[in-house]
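Produce the entire structure from the sequences given, and follow the hints as far as they go.
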Amino acid sequence: MIKTQKTNISAILSRILIYTILTISALYFLLPIFVMIITSVKDIDEIKNGNLLSLPQNITFQPWVEAWSQARIGASSDGIKPYFINSILITVPAVLISCIIGALNGYVFSKWRFKGSEVFFSLLLFGCFIPFQVVLLPMSQTMGYLGLSGSVAGLIFVHVVYGTAFTTLFFRNFYVSIPTELINAAKIDGAGFFRIFFKILLPVSLPIFMVCIIWQMTQIWNEFLFGITFSDSDTQPVTVALNNLVNSTSTVKKYNVDMAAALIAVAPTLIAYIISGKYFVKGLMAGAVK
Amino acid sequence: MPLNKEDKMKSLIIKDLYKSYDDVEVLKGINIDLKPGEFLVLVGPSGCGKSTLLSTIAGLEDVNEGSISLGEDDITHAAPKDRGLAMVFQSYALYPNMTVRQNIEFGLKISKYSKEEIASRIANAASILHIEPLLDRKPGQLSGGQRQRVAIARSISREPDMYLFDEPLSNLDAELRVKMRAEIKKLHKRVKKTIVYVTHDQVEAMTLADKIAIMNKGKIQQFDSPSNVYDNPCNLFTAGFIGSPSMNFINVIIKKDDGKFSINLKNEKNEDNIIYLDGEYEDLDKYIGKEVIAGLRPEHIQNGFRDKSITDELQDLSAKVNFSELTGADVFIFVTLNGKEIVTRVSPSGAKADDEIIDLKVWAKKIIFFDKDSENRIK
Chain A
1 MIKTQKTNIS AILSRILIYT ILTISALYFL LPIFVMIITS VKDIDEIKNG NLLSLPQNIT
61 FQPWVEAWSQ ARIGASSDGI KPYFINSILI TVPAVLISCI IGALNGYVFS KWRFKGSEVF
121 FSLLLFGCFI PFQVVLLPMS QTMGYLGLSG SVAGLIFVHV VYGTAFTTLF FRNFYVSIPT
181 ELINAAKIDG AGFFRIFFKI LLPVSLPIFM VCIIWQMTQI WNEFLFGITF SDSDTQPVTV
241 ALNNLVNSTS TVKKYNVDMA AALIAVAPTL IAYIISGKYF VKGLMAGAVK
Chain B
1 MPLNKEDKMK SLIIKDLYKS YDDVEVLKGI NIDLKPGEFL VLVGPSGCGK STLLSTIAGL
61 EDVNEGSISL GEDDITHAAP KDRGLAMVFQ SYALYPNMTV RQNIEFGLKI SKYSKEEIAS
121 RIANAASILH IEPLLDRKPG QLSGGQRQRV AIARSISREP DMYLFDEPLS NLDAELRVKM
181 RAEIKKLHKR VKKTIVYVTH DQVEAMTLAD KIAIMNKGKI QQFDSPSNVY DNPCNLFTAG
241 FIGSPSMNFI NVIIKKDDGK FSINLKNEKN EDNIIYLDGE YEDLDKYIGK EVIAGLRPEH
301 IQNGFRDKSI TDELQDLSAK VNFSELTGAD VFIFVTLNGK EIVTRVSPSG AKADDEIIDL
361 KVWAKKIIFF DKDSENRIK
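Those protein sequence lines, which keep their order, are chains A and B.
According to the numbering used here, the stretch in the first sequence is residues 1 to 290, in order.
According to the numbering used here, the stretch in the second sequence is residues 1 to 379, in order.
Just so you know, the hints here were simulated from the structure itself, not pulled from any lab data.
Predicted model, so just to flag it, every value in this text is computed and none were measured.
Don't take each hint at face value.
Said to hold, decoys possible - Keeping only pairs whose Cα atoms sit at most 20 Å apart, straight-line, the calculated EDC-like set for lysine to aspartate or glutamate is:
{"#": "1", "chain 1": "A", "residue 1": "Lys187", "chain 2": "B", "residue 2": "Glu167"}
{"#": "2", "chain 1": "A", "residue 1": "Lys187", "chain 2": "B", "residue 2": "Glu105"}
{"#": "3", "chain 1": "A", "residue 1": "Lys115", "chain 2": "B", "residue 2": "Asp22"}
To be verified - Non-contacting residues of chain B with respect to chain A, defined by C-beta distances greater than 10 Å in every case (computed):
{"#": "4", "residue": "Ser127"}
{"#": "5", "residue": "Ser170"}
{"#": "6", "residue": "Leu236"}
{"#": "7", "residue": "Pro245"}
{"#": "8", "residue": "Asn267"}
{"#": "9", "residue": "Glu271"}
{"#": "10", "residue": "Ile274"}
{"#": "11", "residue": "Ser318"}
{"#": "12", "residue": "Asn322"}
{"#": "13", "residue": "Val331"}
{"#": "14", "residue": "Lys340"}
{"#": "15", "residue": "Asp359"}
Claimed, not checked - Some residues of chain B that are not near chain A, with every Cβ distance over 12 Å (derived):
{"#": "16", "residue": "Arg101"}
{"#": "17", "residue": "Lys115"}
{"#": "18", "residue": "Glu116"}
{"#": "19", "residue": "Asp173"}
{"#": "20", "residue": "Met180"}
{"#": "21", "residue": "Lys185"}
{"#": "22", "residue": "Asp231"}
{"#": "23", "residue": "Glu282"}
{"#": "24", "residue": "Thr336"}
{"#": "25", "residue": "Gly350"}
{"#": "26", "residue": "Ile358"}
{"#": "27", "residue": "Arg377"}
Heads up, the beta-carbon is just placed ideally off N, CA and C, and yes, glycines get one too.
In C-alpha cells:
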C-alpha cells in the first residue's frame, strides 16, 4: 500500500511538471501570434497609446482590407493581393511538377536500379545540402540562357530544380519499403515501366504525396531569397512584397497593416498544415517503420 | 473444369548458366535437364543462389553466360511476360489496391484477352482454389492462407507452360503449410505442367519433388529423385542437408581382413565395436588404413528394426546413453562413438535412461563413406 501511494505522488508530480513545461512552451510559441492577431485589429492610435499585450478596445478590420488591396508596395498601391496571386501561380505548378518528377525519380532509384544509379542518387541528394546562395549566380545565368529571367515560369523552374532533390528522397524512401516482389509480379503479368508506376505504385502513394506537397508548399511559399533575386517588380511572390511593405519608408509606421499582411502571407501554409498534418506524420512514419 | 489438357508439357533445359553481381559470382555453371511435366524443387541453405536461379528462369535477372530453354524455345533473353510462365511469390505479391478479381484480371487484360475469356478464366481459377467468395475483397482483408490461394489462382489463370514458386509456404504457420503443400501437390497432378519450386525446407523438397536440385555456393551439388538424394547422396553436403535429424558423420579407419572391410566404432569407454561392411564398394580398397568419414542415418542405428527381412544384416553396438529426446513415435538417443556425439533413432519400448548402457543394432549395409579432403562420396 505504502509503495503504491509513493508512486502515485511521484506520478502526479511528474504529470504536473510535464504539463507546466508544455504550457510554457505553448505560450512561448503562441504569444507572438497572439500579439500579431490583436495588433492587426487595433487602429493605429490604440497601438501608439496602448500596451502591446492589451486587448483591442474597438475591433477594426480596416488594416486587413488595407493590407490586402490598398497598401502601397513599391510603385503601386494595390496591397499584397497581386503578389499573393503571384505566389499561388508559382507555388501550385512548382509543387505539382516537383512532386511528379520526384515520384518518377524515386520509382527509378528504388525499383529500376541501373549501373551507377546509386551514384546518381547520391549526387541528387547533394542538392538537399547546397546552400541557396551558392547557386544564385549560375542559376541567374542559366535562366538568362533559357529566357526565363524575371518571369513566373523562371521561379517555377528554380523551385522545381531545388525541390526535386527533396521529393526524390522522400519518394525513394517510401518506395523502397514497398516489396519489389510486387513489381516482379507485375513484370511477369506483362506490365511495363509506366503501367507498373501508374497502376501499382501510384494508388498506394497518397501518404507520401501529402508529405511532399506539404513540404514543398511550405518551402516554396515561404521562400524569400530566390523570390527577391529572380523576380521583376510584377512577378514578386508575397514574401518579397511583405518585406517591401514593412520596409517602405512612409511617415507613419502602420504596425496593424504590417501584422495583417504577415498573417495573410502565412495563412495558406498554416491552413494546409492544419488540414493535412495527420498525413504528414503518417507519411513520414511509413518510410521510417517498415 | 478442365484446363487445356491438350497443351503439350514442356521441358526445361538450363545449360552452363553463370550469373554474377559486380564481382560476386552467384551462379557458377548451372545445368538442369527437367523432363516435361516434372516437379523440380531447388533447395539449399540461404545464399546458395536458388532464388537467383529462379529469377533468371523468370527473366527478372539477366544472365552472364549460358542458356535457358523451355520446350523448343530459347528463352534466355526473352522478356518475363513472353516466357509463358507464371510465378507465385513468398510474400504473395498481390496488388494491394485491387480486389482479388482485379488482381487476377491484371495480367489477362494486358495480354488483351476478350472479356468472355477473362471471365471464364477467373471463374475457372477461382473454382480450383475455392476462392469464389473472396473475389470482391481486397488482399488486406484476407488471411495468409487465402492470399496464398489467390496468388496461385492468379498464376493458374495465365495458363502458363511452367509454374515458378518462390518459397510460397514460408510465411504460413506450420499447420497451414502442411495443408497448402498437399494442395500444391494436387494442383501439379491436375494441371500437369512443369514446375520449379524454391524452398529451404527439406521436408517440402522431399514431399513435393519429382526431382530435387540441392544447391550450395552457386552450384548444384546433386540433381536427382528424392529417394536417390536420400539414399545415395553424392557428397558430404547433400548427405548432411537432407534428412532430419541429419546424417551422423563419424571419422573411422578402414580395415580389411580376409577380404572383408571393417570399421571400429569405439564407445565412450574406448571399447571396440567392430562393424563388418557387407555393402558393395568400388573404390574403398584405396582407403585401407586411411581415415575417412562414415555416414550413418539415425534410423540405421536402432534397437529393433521393424523389417524382419534384414535381421541377418544387423550388427551389435553398445554404448552409453548421453541423453535422449522423446518425439512420440521415436526416441532420439545420443551416444558417443569415436569421440563424436551421434544421434540414433530408437523405438520407445527399448529406450534406456540417461547414463545406462544400451545395446544397439547397426544396419551396416547402409553405411556410406566420404573422402576427408574432397568430401565426395566413396563408391
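Results for each hint:
1. Of the supplied pair hints, the one linking Lys187 (chain A) and Glu167 (chain B) holds, its CA atoms being roughly 19 Å apart against a limit of 20 Å.
2. Pair hint Lys187 (chain A) plus Glu105 (chain B) holds up; C-alpha atoms about 14 Å apart against a cutoff of 20 Å.
3. Simply put, Lys115 (chain A) and Asp22 (chain B) have alpha-carbon atoms about 10 Å apart, close enough for the 20 Å limit, and the pair holds.
4. With a closest Cβ-Cβ approach of about 21 Å to chain A, Ser127 (chain B) is found to remain outside the 10 Å limit, as its non-interface label requires.
5. At roughly 13 Å, the least C-beta separation between Ser170 (chain B) and chain A is larger than 10 Å, which holds for a residue marked as non-interface.
6. Annotated as non-interface, Leu236 (chain B) keeps its C-beta farther than 10 Å from every C-beta of chain A; the closest such distance is 34 Å.
7. A cut-off of 10 Å between C-beta atoms confirms that Pro245 (chain B) is not in contact with chain A; the least separation is 33 Å.
8. Under the 10 Å C-beta cut-off, the non-interface status given to Asn267 (chain B) relative to chain A holds; the minimum distance is some 52 Å.
9. Its beta-carbon lying about 57 Å from the closest one in chain A, Glu271 (chain B) satisfies the requirement of being farther than 10 Å from that chain.
10. Even its closest Cβ contact with chain A, about 56 Å, leaves Ile274 (chain B) beyond 10 Å, as expected for a residue assigned away from the interface.
11. Every CB of chain A lies more than 10 Å from the CB of Ser318 (chain B), the least distance being 54 Å, so the non-interface label holds.
12. Every beta carbon of chain A lies more than 10 Å from that of Asn322 (chain B), the smallest distance being close to 44 Å; the non-interface claim holds.
13. Every CB of chain A is more than 10 Å from the CB of Val331 (chain B) (nearest about 42 Å), matching its label as outside the interface.
14. Listed as a non-interface residue, Lys340 (chain B) keeps its Cβ farther than 10 Å from every Cβ of chain A; the least gap is roughly 43 Å.
15. Every C-beta of chain A lies more than 10 Å from that of Asp359 (chain B), the closest at about 54 Å, which supports listing it as non-interface.
16. Look at Arg101 (chain B): its CB is around 14 Å from the nearest CB on chain A, clear of 12 Å, so calling it non-interface holds up.
17. The claim that Lys115 (chain B) lies off the interface holds: its Cβ sits roughly 18 Å from the closest Cβ of chain A, which is beyond the 12 Å cut-off.
18. Listed as outside the interface, Glu116 (chain B) is consistent with that label: its C-beta sits roughly 20 Å from the nearest C-beta of chain A, beyond the 12 Å cut-off.
19. Against the 12 Å criterion, Asp173 (chain B) stays outside the reach of chain A, whose nearest CB is about 20 Å from its own CB.
20. Against chain A, the non-interface label of Met180 (chain B) holds: every CB pair exceeds 12 Å, the least being about 18 Å.
21. The claim that Lys185 (chain B) lies off the interface holds: its Cβ sits roughly 23 Å from the closest Cβ of chain A, which is beyond the 12 Å cut-off.
22. The non-interface label for Asp231 (chain B) is consistent with chain A: the shortest C-beta to C-beta separation is roughly 36 Å, beyond 12 Å.
23. The Cβ of Glu282 (chain B) lies farther than 12 Å from every Cβ of chain A, with a closest approach of about 47 Å, so its non-interface assignment holds.
24. For Thr336 (chain B), the condition that its CB be more than 12 Å from all CB atoms of chain A holds, with the nearest at approximately 46 Å.
25. Residue placement check: Gly350 (chain B) keeps its beta carbon more than 12 Å from all beta carbons of chain A (closest about 50 Å).
26. With 12 Å as the threshold on Cβ separation, the claim that Ile358 (chain B) sits away from chain A holds: the shortest Cβ distance comes to roughly 50 Å.
27. Its beta-carbon lying about 38 Å from the closest one in chain A, Arg377 (chain B) satisfies the requirement of being farther than 12 Å from that chain.
Checked against the numbered hints listed earlier, the structure breaks none of them; every hint is satisfied.
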